[in-house]
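Enquirer: The residues making up each chain are set out below.
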Amino acid sequence: MKYTYVIKRILYSLFVFAVVITLNFFIPRIGVDDPAERYYPPQGNMSEIEYEIIKQVTRQQYGFHVSTGQQYMNYLKGLFQGDLGTSFRPGSPAVIDLILERLPWTLVLSVSTMLIGVTIGILFGVLAAVKRGRWQDTMLLNASTIMVALPAFFIALILSFYLGFELEIFPAYTDSTMVSGFTWTWEGIRRVAQNAALPVLSMVVGSIISYAQGTRNAVIAVTNEDFVLTARAKGLKQSTIRYKHILRNSMLPIVTSLGMSISGLIGGQVVIEQVFNWNGMGTLFLEANNSNDYPLMMGIMLLLSGFTIFAILVTDLVYVLLDPRVTVGDKR
Amino acid sequence: MEPILKLRNLKVVFPTNYGVIRAVESVDLDIGDRECVALVGESGCGKSVTSQSVMRLIESPPALTQVDAIEFNGRDIKDYTPKQMQELRGKEMSMIFQDAMTSLNPVMTVGNQIDEMYMRHQGDSKKEAREKTVKALELIGLPEPRTRANSFPHQLSGGMRQRVLLAMAFACMPKLIIADEPTTALDVTIQAQVLKTLRGMQRGCGTSLLLVTHDLSVVASIADTVYVMYSGKIVEKAPVKDLFNSPQHPYTVGLMAAVPRLTDKKKTFTQIPGTVPHPARKPSGCYFHPRCEYATDKCRKEMPPLMGQGGGREVRCYYPLTAGGNM
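First to last, the protein sequences are chains S and R. First residue of the first sequence: 8, per my numbering; consecutive thereafter. First residue of the second sequence: 1143, per my numbering; consecutive thereafter.
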């Protein structure tokens, strides 16, 4: 029963991914007959003939000279070989290389934010639920009210100004030599950590509080369930009830939100990266957007959606391990 | 008969934003050795709160509980520490809940949930506990107990789940079992089977039983003594036969008249006029007077005391009904 479910989920994910690939290919081609026109709009005082020549060359270079169907097949073929296309940037770099160059730097921020956010958030959430109605709980409630009103980029600006410019504890923005001069030495890692401190800090506060709030609510909801009363009536110790009965059941909604945020790991934070001049995926996407670099945008979109589908699949499969009820639909 | 449980003057109050809810008001309860006592009443009359108070499961806050004595098996447990209560619960008194689906942990196998009882109270290892669990499930009439023990609650039928709860409650052969609406969530045929098992187990194990229910047919088939509760107070107490033969409180009479019978010629249900008073706004005098056809000025002003009627009967009414009619 379990295997049918797993296979079903995998097949379903593959189907969704195929749809995404197709949409990702066709949407930029809607409306304009000649993609070259869309990708290279006429510039300045270009003559008709000059523009025609440029379009011809562009079509040749990027494979638009064949029919759309043929292009689609070529695109798919490229995907299977790990080729996401060629960027419009000078020198025509491969999209996949551009992405791989930026991805690690985005992961530095997102993974550390998530790890800190999840660990501290869940601990706080459990604490607030256990001390329900007391000052720890009230503090969490107030903090989340404030956080809802404070967007991360605002915190980023404040941190950058005070901890960066005024107190000079951390770099207010990333200096460009961090990436180019990076080496796998303690010194290199220390520099990255230093530069990452403020961006991570400005995102992690919200992350901690949202996980804490989610955990608190989940734990309290489970605490009011009938089976907790049963566990108490059985004379079980408080600790047994808390860990064996309440926490495991409260983890179910938390795993879901965890899965959702895993999908956000590689997307990067457009705004935060801008504030701190951090060269990650968010900045790359912004650059691609501003320069009409469609192959690059398509490449990033495809990677993001593919990873999201993957993250949801993993979440669903982890759920099977945690919650025996999940397979019930396939029992027949 | 030396009582196993002697509850004296139990009061439970819930302070809420829209007034103080007096869920239980001065309830006395006696349960004899091997006796089955039924606590009957409508939803919200305080019967579940009373039963959970006996095991001291009502948490305060939010509730405020006051009690003169909870004498259980010769000891007063009202001042027991939470730790002492934990030792007692499950081992000497245990509970069966109404909805077995929600009363069992959905992510633990039922076997593991029963194992917990033996591991906690008899110091058994996991393996010893499982052997006892399988025996208990077999005793309770669950087919293929060893495989069933590895099932999760959602994989069992409603009747099987209820049997699992029974096996759990009887696991450590407690002196007292409190069954809170044990058959309400089941369909009628399964109800009868589960009740039969419950009664058989109770007699076989020499356990006393406090049965909380609103179902008079369940009461008739299993109880020895019946307490009728209305709006937080006991209104009538009687041996089961006497209660059914000659109910004395107008509320009890109304309850019995409301049970539909196959021989009924009329096409509508008989019901008690009016509704249960809101627990935060109870009427003056006797709580039942707005719905009582015999109410007098005295009933409107003064709450009648529980008055002994002889033969172990007590009734909270100035004008108890006799077999022949009123007064």
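No wet-lab data here; the hints were simulated from the structure. Careful, some of the hints might be misleading.
As the list claims (entries may be wrong) - From the derived model, a few chain S residues whose C-beta atoms are all more than 10 Å from chain R: (1) Q68; (2) Y82; (3) K138; (4) M154; (5) Y169; (6) M185; (7) F234; (8) A238; (9) K251; (10) S264; (11) F314; (12) L329.
As the list claims (entries may be wrong) - Within a straight-line C-alpha distance of at most 30 Å, the following computed DSSO-like cross-link-like pairs (lysine-lysine) qualify: (13) K1268/R <-> K244/S; (14) K1383/R <-> K1148/R; (15) K1277/R <-> K244/S; (16) K1233/R <-> K244/S; (17) K251/S <-> K1277/R; (18) K1440/R <-> K251/S; (19) K1317/R <-> K1153/R; (20) K1220/R <-> K1269/R; (21) K1424/R <-> K251/S; (22) K1424/R <-> K244/S; (23) K1409/R <-> K1317/R; (24) K1220/R <-> K251/S; (25) K1225/R <-> K244/S; (26) K138/S <-> K1220/R; (27) K138/S <-> K1233/R; (28) K244/S <-> K1383/R; (29) K1148/R <-> K1424/R; (30) K1148/R <-> K251/S; (31) K1317/R <-> K1383/R; (32) K1424/R <-> K1269/R; (33) K138/S <-> K1225/R; (34) K1153/R <-> K1424/R; (35) K1338/R <-> K1277/R; (36) K1220/R <-> K244/S; (37) K138/S <-> K1153/R; (38) K251/S <-> K1153/R; (39) K1153/R <-> K244/S; (40) K1274/R <-> K1225/R.
All C-beta atoms, glycine included, are put in the ideal place defined by N, C-alpha and C.
Enquirer: Compare the structure with each hint and give your call.
Expert: Hints and how they fare:
1. Q68: Check passes; 57 Å lies beyond 10 Å.
2. Y82: For Y82/S, whose nearest Cβ neighbour in chain R is about 45 Å away, the distance exceeds 10 Å, so it holds.
3. K138: Non-interface label stands for K138/S: nearest chain R Cβ at 13 Å, farther than 10 Å.
4. M154: Correct as stated: the minimum Cβ-Cβ distance to chain R is 28 Å, above 10 Å.
5. Y169: holds (42 Å)
6. M185: holds (46 Å)
7. F234: About 5 Å separates F234/S from the closest Cβ of chain R, which leaves it inside 10 Å; violated.
8. A238: Non-interface label on A238/S violated, nearest chain R Cβ at 7 Å vs cutoff 10 Å.
9. K251: Non-interface label fails for K251/S: nearest chain R Cβ at 8 Å, not farther than 10 Å.
10. S264: Given that every Cβ of chain R is farther than 10 Å from that of S264/S, nearest at about 18 Å, it holds.
11. F314: holds (29 Å)
12. L329: Answer for L329/S: violated, closest chain R Cβ roughly 7 Å.
13. K1268/R <-> K244/S: holds (17 Å)
14. K1383/R <-> K1148/R: holds (23 Å)
15. K1277/R <-> K244/S: It holds: about 25 Å lies between the C-alpha atoms, which stays within 30 Å.
16. K1233/R <-> K244/S: holds (13 Å)
17. K251/S <-> K1277/R: holds (24 Å)
18. K1440/R <-> K251/S: Not satisfied, since the Cα-Cα distance of roughly 56 Å exceeds 30 Å.
19. K1317/R <-> K1153/R: holds (24 Å)
20. K1220/R <-> K1269/R: Violated, at about 36 Å.
21. K1424/R <-> K251/S: Violated, at roughly 42 Å.
22. K1424/R <-> K244/S: Since the Cα atoms of K1424/R and K244/S sit roughly 39 Å apart, the hinted pair is violated (cutoff 30 Å).
23. K1409/R <-> K1317/R: violated (46 Å)
24. K1220/R <-> K251/S: Holds - the C-alpha atoms of K251/S and K1220/R are around 28 Å apart, at most 30 Å.
25. K1225/R <-> K244/S: holds (8 Å)
26. K138/S <-> K1220/R: Distance ~25 Å between K138/S and K1220/R Cα, so the pair holds.
27. K138/S <-> K1233/R: holds (29 Å)
28. K244/S <-> K1383/R: violated (42 Å)
29. K1148/R <-> K1424/R: holds (27 Å)
30. K1148/R <-> K251/S: Violated: K1148/R and K251/S sit about 34 Å apart, past 30 Å.
31. K1317/R <-> K1383/R: holds (25 Å)
32. K1424/R <-> K1269/R: Distance ~54 Å between K1424/R and K1269/R Cα, so the pair is violated.
33. K138/S <-> K1225/R: holds (19 Å)
34. K1153/R <-> K1424/R: holds (15 Å)
35. K1338/R <-> K1277/R: holds (19 Å)
36. K1220/R <-> K244/S: holds (19 Å)
37. K138/S <-> K1153/R: Status holds; Cα separation ~27 Å.
38. K251/S <-> K1153/R: With Cα atoms ~33 Å apart, K251/S and K1153/R exceed 30 Å; violated.
39. K1153/R <-> K244/S: holds (27 Å)
40. K1274/R <-> K1225/R: Holds, because 25 Å separates the two Cα atoms, which is no more than 30 Å.
Checked against the numbered hints listed earlier, the structure breaks hints 7, 8, 9, 12, 18, 20, 21, 22, 23, 28, 30, 32 and 38; every other hint is satisfied.
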